[in-house]
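Please work from the sequences and hints to get the whole structure.
Each residue of the sequence shown is one higher than the last, beginning at 0 in numbering that gives the first Met the number 0.
It should be emphasised that the hints constitute simulated quantities derived from the structure, not laboratory data. Worth double-checking, as some hints may not be accurate.
Taking CB as the label site, the calculated pair distances span [said to hold, decoys possible]:
{"#": "1", "residue 1": "K128", "residue 2": "G77", "range": "50 to 58 Å"}
{"#": "2", "residue 1": "F24", "residue 2": "S87", "range": "33 to 41 Å"}
{"#": "3", "residue 1": "L176", "residue 2": "T200", "range": "45 to 53 Å"}
{"#": "4", "residue 1": "K37", "residue 2": "H167", "range": "20 to 28 Å"}
{"#": "5", "residue 1": "K49", "residue 2": "G178", "range": "46 to 54 Å"}
Note that the coordinates shown come from a computational prediction; the quantities given were computed from them, not determined experimentally. Cβ atoms here follow ideal geometry from the backbone N, Cα and C, with glycine treated the same way.
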Amino acid sequence: MKIVGVLKDFHYGKADTNDDEEVMFRYHKKKANFLNVKIATSDWIATLSKIDNAWKKIDDVHPLEAQLYSDKIAQSYGEIAAMIKMISFLAFLAICIACFGLLGMVIFTTETRLKEISIRKVLGASEGKLIYLLSKGFLVLLFVSGAIALPTTYLFFDRVAFIEMKNHITIKPFDLLAGFFAVLIIALLMIGSQTLKVARTNPASVLKNE
Numbered sequence: 000m001k002i003v004g005v006l007k008d009f010h011y012g013k014a015d016t017n018d019d020e021e022v023m024f025r026y027h028k029k030k031a032n033f034l035n036v037k038i039a040t041s042d043w044i045a046t047l048s049k050i051d052n053a054w055k056k057i058d059d060v061h062p063l064e065a066q067l068y069s070d071k072i073a074q075s076y077g078e079i080a081a082m083i084k085m086i087s088f089l090a091f092l093a094i095c096i097a098c099f100g101l102l103g104m105v106i107f108t109t110e111t112r113l114k115e116i117s118i119r120k121v122l123g124a125s126e127g128k129l130i131y132l133l134s135k136g137f138l139v140l141l142f143v144s145g146a147i148a149l150p151t152t153y154l155f156f157d158r159v160a161f162i163e164m165k166n167h168i169t170i171k172p173f174d175l176l177a178g179f180f181a182v183l184i185i186a187l188l189m190i191g192s193q194t195l196k197v198a199r200t201n202p203a204s205v206l207k208n209e
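Given below as structure tokens:
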């Protein structure tokens with residue numbers, strides 16, 4: 000055989016397989032088993048019908064076994080796609096539960112400190128200072144949790160989840176920070192709405208029984 004070229008090492012097969020096998024592409028007219036055709040068309044049904052008619056002129060005994068490359072990819076990675084959808088749903092569910100828990104903590108904290116806030120407001124504290132006083136503890140907890148979660152998430156996906164995938168992309172800081180800031184914005188909206196409500200409460204209605 001005549002070697003006409005050497006390719007750079009690459010991973011052959013599915014992305015979640017870890018088999019490093021040597022691959023040789025051999026061109027042999029009389030022993031060809033597969034034919035890869037690149038087609039530019041918007042009507043796949045009509046195109047496949049034409050290919051089938053051309054195939055029958057060559058071999059009218061064996062039926063044509065044709066498959067789109069996109070369908071082959073979808074079939075090969077169906078399990079991974081289903082797993083990603085399930086993980087995404089569980090992550091969404093966990094975020095929703097965490098947000099409801101955070102909202103409950105904010106409501107409980109603001110209600111227990113309602114008299115303190117009223118006294119501070121009577122003594123001249125502005126709404127901005129009251130909001131900062133109430134939300135400071137929650138913001139510290141959010142940033143501490145982010146400092147723990149971001150490195151842990153990066154190490155998990157880089158060292159555990161994607162270790163079997165040869166061709167996976169590198170996780171970038173934007174991918175991690177985008178999710179963190181999205182959760183942070185949701186938390187700030189919940190904290191800000193409740194603290195602003197308490198900060199605008201009339202002190203006379205709270206302290207009238209004291």
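Among the hints numbered above, which are violated by the structure, and what are their numbers in rising order? Going through the list in order, the structure violates hint 3 alone and respects the others.
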